[in-house]
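Undergrad: Sequence:
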Amino acid sequence: MNRLLLRTLNAPLLILLVALSVAIQSSLFQSELLSMVQPDFVLIAVIWCGLRRSFTEAAILTLIFGEIAEIHSSSPQGILTLCYVGVLLLSMASLKLLVLKGRRSWVLVALAGSVLWKGLFLGLLYLLDLIDNQWRHTLLLLVPAALSTAGFGYVIFRYLEKFDDWSWKSERVRNAIEGDLLLADIDDEED
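Position in the sequence shown counted from 1, then plus 12, gives you this note's numbering.
Keep in mind that the hints were calculated from the coordinates and are not lab data. Every value quoted in this text rests on a predicted model; they were computed, and no experiment measured them. Honestly, I wouldn't trust all of these hints.
Listed next, with one range per pair, are the computed distances between beta-carbon atoms [said to hold, decoys possible]:
#, residue 1, residue 2, range
1, Leu112, Leu159, 30 to 38 Å
2, Val111, Leu142, 18 to 26 Å
3, Val111, Ser86, 35 to 43 Å
4, Gly131, Ile83, 17 to 25 Å
5, Pro88, Asp177, 35 to 43 Å
6, Leu154, Leu101, 35 to 43 Å
7, His84, Lys108, 25 to 33 Å
8, Val49, Gly131, 28 to 36 Å
9, Val49, Asp144, 35 to 43 Å
10, Ser86, Pro156, 32 to 40 Å
11, Tyr138, Asp177, 36 to 44 Å
12, Leu40, Lys174, 18 to 26 Å
Taking lysine to any residue pairs in the SDA-like style, the calculated list, with each CA pair at most 25 Å apart, reads [to be verified]:
#, residue 1, residue 2
13, Lys130, Lys174
14, Lys174, Leu154
15, Lys113, Leu63
16, Lys108, Ile72
17, Lys174, Ser85
18, Lys130, Arg148
19, Lys113, Gly135
20, Lys130, Thr150
21, Lys113, Gln89
22, Lys130, Leu29
23, Lys108, Ala71
24, Lys174, Ser33
Where is the CB? At the ideal position from N, CA and C, for every residue including glycine.
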């Protein structure tokens, strides 16, 4: 019963964590010096969902995360959510096309996702004819922001993995997954 309650609360707790991180991000990183290394916590959560959740759950959580980010932003309505959905699709595609083992490879997805997010944002602003001088600011902060998102992502992915182990996975599911992996290894050795 306790495990069922924790599993039910997993998504709402993740949404609460994202809301708290957006509040911290929008208040703590306001100085000019810290804005150079401002990580995108919502982007990290979107990539996590893309790598570790089903498509439906990840898409719903991404839409909620995008709405939370837009509440704290002055960008036109829907642009941030579209960019986050694009990164979600990239992370899910990379999971299907590439061999991603562990947090180190997830950091590379976070790095690529950060660059893609900035490109999608600039592209949407260009299509809406709202780009003005935004491209200069984006290009200036592209590398520091991508590196800080990847660096923070490495640490945050570790804690999100522990959070999922605590609230999502049961011992029976872990044993079943390990059993399936063991059977797959035996089948590969026989071929």
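Undergrad: For a C-alpha distance cap of 25 Å, please report whether Lys130 and Arg148 respect it.
TA: holds (12 Å)
Undergrad: Take a quick look at whether Lys130 and Leu29 sit within 25 Å of each other, Cα to Cα.
TA: Cα-Cα ~23 Å, so holds.
Undergrad: Using the beta carbons of Leu112 and Leu159, state whether their distance is inside 30 to 38 Å or not.
TA: Violated, at about 19 Å.
Undergrad: If you check the beta carbons of Val49 and Gly131, does the distance land in 28 to 36 Å?
TA: violated (20 Å)
Undergrad: Tell me if the beta carbons of Ser86 and Pro156 are separated by a distance inside 32 to 40 Å.
TA: Hint violated: Cβ distance 21 Å, outside 32 to 40 Å.
Undergrad: Holds or violated: Lys174 with Ser85, Cα cutoff 25 Å?
TA: violated (30 Å)
Undergrad: Lys113 and Leu63: Cα distance at most 25 Å?
TA: holds (11 Å)
Undergrad: Could you check the hint for me, namely that Tyr138 and Asp177 are 36 to 44 Å apart, CB to CB?
TA: holds (42 Å)
Undergrad: Could you grab the alpha-carbon distance between Lys130 and Thr150 and see if it respects the 25 Å cut-off?
TA: holds (7 Å)
Undergrad: Straight-line Cα separation of Lys130 and Lys174 no greater than 25 Å?
TA: Distance of about 29 Å is beyond 25 Å: violated.
Undergrad: Take the C-beta atom of Gly131 and the C-beta atom of Ile83, compute their distance, and say whether it sits inside 17 to 25 Å.
TA: holds (24 Å)
Undergrad: For the pair supplied as a hint, Lys108 and Ala71, is the alpha-carbon distance within the 25 Å limit?
TA: The hint holds at about 16 Å.
Figure legend: structure checked against the earlier numbered hints; hints not met, in rising order: 1, 2, 6, 8, 9, 10, 13, 14, 17, 19, 21.
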